[in-house]
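Novice: Each chain, written out:
There are 2 protein chains.
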Amino acid sequence: MDRDEALALDAADPLAPLREHFEIPAGLIYLDGNSLGMLPRATSARLREVVEGEWGRGLIGSWNSAGWMELPRRVGDKIASLVGAGPGELVVADSTSVNLYKVLSAALTIAHDAAPQRRVVLSERGNFPTDLYIAEALARERGCELVLAEPGELRRHLDERTAVLMVTQVDYRSGALHAMAALSAQAHAAGALTVWDLAHSAGALAVDLHRDGADFAVGCGYKYLNGGPGAPAFVWAHPRHADRFRQPLAGWMGHAAPFEFTPGYRPAAGIARYLCGTPPVLGLAALECGVDTLLAAQPLGGIAALRAKAMALTTIFEARVSAACPELTLASPRDAARRGNQVSHAHAEAGYGAVQALIARGVVGDFRAPDILRFGFAPIYLRHVDAWDAAGHLVDVMASGAWRRPEFNRRQGVT
Amino acid sequence: MDRDEALALDAADPLAPLREHFEIPAGLIYLDGNSLGMLPRATSARLREVVEGEWGRGLIGSWNSAGWMELPRRVGDKIASLVGAGPGELVVADSTSVNLYKVLSAALTIAHDAAPQRRVVLSERGNFPTDLYIAEALARERGCELVLAEPGELRRHLDERTAVLMVTQVDYRSGALHAMAALSAQAHAAGALTVWDLAHSAGALAVDLHRDGADFAVGCGYKYLNGGPGAPAFVWAHPRHADRFRQPLAGWMGHAAPFEFTPGYRPAAGIARYLCGTPPVLGLAALECGVDTLLAAQPLGGIAALRAKAMALTTIFEARVSAACPELTLASPRDAARRGNQVSHAHAEAGYGAVQALIARGVVGDFRAPDILRFGFAPIYLRHVDAWDAAGHLVDVMASGAWRRPEFNRRQGVT
Numbered sequence: 000m001d002r003d004e005a006l007a008l009d010a011a012d013p014l015a016p017l018r019e020h021f022e023i024p025a026g027l028i029y030l031d032g033n034s035l036g037m038l039p040r041a042t043s044a045r046l047r048e049v050v051e052g053e054w055g056r057g058l059i060g061s062w063n064s065a066g067w068m069e070l071p072r073r074v075g076d077k078i079a080s081l082v083g084a085g086p087g088e089l090v091v092a093d094s095t096s097v098n099l100y101k102v103l104s105a106a107l108t109i110a111h112d113a114a115p116q117r118r119v120v121l122s123e124r125g126n127f128p129t130d131l132y133i134a135e136a137l138a139r140e141r142g143c144e145l146v147l148a149e150p151g152e153l154r155r156h157l158d159e160r161t162a163v164l165m166v167t168q169v170d171y172r173s174g175a176l177h178a179m180a181a182l183s184a185q186a187h188a189a190g191a192l193t194v195w196d197l198a199h200s201a202g203a204l205a206v207d208l209h210r211d212g213a214d215f216a217v218g219c220g221y222k223y224l225n226g227g228p229g230a231p232a233f234v235w236a237h238p239r240h241a242d243r244f245r246q247p248l249a250g251w252m253g254h255a256a257p258f259e260f261t262p263g264y265r266p267a268a269g270i271a272r273y274l275c276g277t278p279p280v281l282g283l284a285a286l287e288c289g290v291d292t293l294l295a296a297q298p299l300g301g302i303a304a305l306r307a308k309a310m311a312l313t314t315i316f317e318a319r320v321s322a323a324c325p326e327l328t329l330a331s332p333r334d335a336a337r338r339g340n341q342v343s344h345a346h347a348e349a350g351y352g353a354v355q356a357l358i359a360r361g362v363v364g365d366f367r368a369p370d371i372l373r374f375g376f377a378p379i380y381l382r383h384v385d386a387w388d389a390a391g392h393l394v395d396v397m398a399s400g401a402w403r404r405p406e407f408n409r410r411q412g413v414t
Numbered sequence: 000m001d002r003d004e005a006l007a008l009d010a011a012d013p014l015a016p017l018r019e020h021f022e023i024p025a026g027l028i029y030l031d032g033n034s035l036g037m038l039p040r041a042t043s044a045r046l047r048e049v050v051e052g053e054w055g056r057g058l059i060g061s062w063n064s065a066g067w068m069e070l071p072r073r074v075g076d077k078i079a080s081l082v083g084a085g086p087g088e089l090v091v092a093d094s095t096s097v098n099l100y101k102v103l104s105a106a107l108t109i110a111h112d113a114a115p116q117r118r119v120v121l122s123e124r125g126n127f128p129t130d131l132y133i134a135e136a137l138a139r140e141r142g143c144e145l146v147l148a149e150p151g152e153l154r155r156h157l158d159e160r161t162a163v164l165m166v167t168q169v170d171y172r173s174g175a176l177h178a179m180a181a182l183s184a185q186a187h188a189a190g191a192l193t194v195w196d197l198a199h200s201a202g203a204l205a206v207d208l209h210r211d212g213a214d215f216a217v218g219c220g221y222k223y224l225n226g227g228p229g230a231p232a233f234v235w236a237h238p239r240h241a242d243r244f245r246q247p248l249a250g251w252m253g254h255a256a257p258f259e260f261t262p263g264y265r266p267a268a269g270i271a272r273y274l275c276g277t278p279p280v281l282g283l284a285a286l287e288c289g290v291d292t293l294l295a296a297q298p299l300g301g302i303a304a305l306r307a308k309a310m311a312l313t314t315i316f317e318a319r320v321s322a323a324c325p326e327l328t329l330a331s332p333r334d335a336a337r338r339g340n341q342v343s344h345a346h347a348e349a350g351y352g353a354v355q356a357l358i359a360r361g362v363v364g365d366f367r368a369p370d371i372l373r374f375g376f377a378p379i380y381l382r383h384v385d386a387w388d389a390a391g392h393l394v395d396v397m398a399s400g401a402w403r404r405p406e407f408n409r410r411q412g413v414t
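Protein chains in written order, with numbering that gives the first Met the number 0: chain D, 0 to 414; chain L, 0 to 414.
Hints are computed from structural coordinates only; laboratory data are not their basis. One or more of the hints may lead you astray.
Selected chain D positions facing chain L (in silico; Cβ < 8 Å) [unchecked claim]:
hint : residue
1    : L46
2    : E51
3    : D93
4    : L137
5    : P228
6    : T261
7    : Q297
8    : L299
9    : A318
10   : S321
11   : A322
Some chain L residues well away from chain D (every beta-carbon gap over 10 Å; in silico) [to be verified]:
hint : residue
12   : R56
13   : G229
14   : R367
Since the model is a prediction, treat every value here as computed from it, not as a measurement. Each residue gets a CB set at the ideal place from its N, CA and C atoms; glycine is no exception.
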């Protein structure tokens, strides 16, 4: 492959026009859409309309007239269509962490009720920390145990004590992708329920929650869904579970009739009981614009087509880097089908400095301690030539030793 | 009093210029700032800067370079200065309901640890429903009991079984105002902890959490703080409690070192452990603009001066309505010092239609089932003449029987 071939792929790419839905700073190659998606073109004007029109002029009446009350369900239905869930099954609310608390609480209770000896939440040691923190705290509170397995060892730990298998489909460091259907089937065979975190899946992979055996799912609005910094998250419960449990965060928006202002809690039917406080309208409006960029891909093949392009992008990048930089260890699965839309390499010393040197060149990835260079490929706004050029920059940074330069190794900040 | 006197009060009002900080639709008298505060002039431009500049161009780097990571603390410190809390003691996070869950969990645990027989959460039957729902669910989970007292009967129910007294300082229907210092002292004398909901207090009353014996507090960003629809909420723990308990929503932002990505949860020191998920940047940015409008009042006497003006406004309105409308029953305390910045009247039939008829005249209050006409007076953007004129409109609506007209009695929507 050479650069002309990458350009030819872009010229022939039916998804290429989707890039126009985004504000892309000139010259930037942004490989961090798996941490914060880019700004959709529509978002700023939409927020202005919400702020100046709906809030500023419509004021309190906009809860009804502008449909604010419906936003958690309306945006939820749109996300549902991207992850194989039905309308009315998914709502936008709170953060991923808070939603995980709700669904883990529900799953633990349902599992206990069926079989009291099931007191283990099983997850991976490398799962995203907030998932583990939430599970650890909840397990302690419930007299349960959080058991952490090494990658690939989950199946071996599934047994008659397992209440819930809690897995993030795509590993945030390595990008390794769990086969949702197979792992769910193994969990179910062992009598356990499944909680899937779709943080790096929603908008990226052709998730099919119903087909692939999920019992509960949560996901993030600000990564591949392009919802903006700290966008609200989403929560889904399989319809066979949604009505079975009063999740602990019994706020008024999950009440069957919140505006009757009655003192006793009566949960809404279905997933609506997973709502809690007043909907965050600004965040929801921005998230809807982000989700709409993915819906715009539907006539072009939708998520399946985007996923195929993303595999091509990660393959271009990975192959060029791995071939030219033997000092970097590929930390992702080599087979694009076995990783998310992400490529990670490890280097004992170079990681931080190399990522900073790349940023200075206009190629934005991120470093994940202690040694991971992580690059996410959002196919909705990236071109094949971006993957090619980004790889070339990384090859240069490694070959030139630029990663060693002091200005790229002054550690500061938090992300 | 007559209209000229109201105009004279406005002409002499040192707080009058604060109205210029808001976008106020021409001719509107907005008496629902206790439900959704008006739009500050600065908000739209600030959001545009956050969206187009910080997100669109700064992208992931803005977590550091634009100070996004610090927003929960920075805006928290500003709110702290309005409620008698110290810097570093209060953070903005999640919703009021979710924050209530955190602090009630903490208070129950601390109370149990000190005295295991304390298993009662005591509150008022008329407390805002979401507070009761959250407490009810948590009490059930913990094997505790939620006891609800009638107004004025709280003191009688405080005893050696009481773990926590949970009170909203201003009743959302009647506006009745609890004396925080006296009630806190009674709770402490009975050995209980106090959780104060400042939903209708923050930005409205000269709250002094330290002086007045609060142990924990939560509050709302979208009422008198003018943070916008569904703005994030805030949470405060007295420094003597803040480090004593791991609140159950142990998300990564409450970790001592979230970006070390370590699997075990280690809570941050102080109130920071009450953070949970990724900060909602858009909501926080808008909330900061809202809080800044109140900080702009500081050189003019601050909250104390605003509160004095609000008492004048509610007095003008209440006196004119009560004098001219004997068919309306005053549902608020007659003494302005004993109610929040709000006046409520009750009428068995007229409530809904009268509020709708007023809205048609450009006077926005709200109806609270079954029979309450509720009017909130945010002194930062309201004039004395607004209170006078609003009362006149209500008097007209009642005297003319306009409230009976069918077009004002088609019930729809939710708020």
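Novice: Look at each hint and say if it fits the structure.
Specialist: Checked hints:
1. L46: holds (6 Å)
2. E51: holds (5 Å)
3. D93: holds (7 Å)
4. L137: At about 7 Å, which falls below the 8 Å cut-off, the nearest Cβ of chain L leaves the hint on L137 (chain D) intact, so it holds.
5. P228: It holds, given that the least Cβ distance between P228 (chain D) and chain L is near 4 Å, below 8 Å.
6. T261: Result: holds, 7 Å to nearest chain L Cβ.
7. Q297: Because about 25 Å separates Q297 (chain D) from the closest Cβ in chain L, which is outside the 8 Å limit, the hint is violated.
8. L299: Violated, because the Cβ-Cβ distance from L299 (chain D) to chain L comes to roughly 24 Å (cut-off 8 Å).
9. A318: violated (25 Å)
10. S321: violated (25 Å)
11. A322: violated (28 Å)
12. R56: violated (5 Å)
13. G229: Incorrect as stated: the minimum Cβ-Cβ distance to chain D is 4 Å, not above 10 Å.
14. R367: Since the minimum Cβ distance to chain D is about 7 Å, R367 (chain L) lies within 10 Å and the statement is violated.
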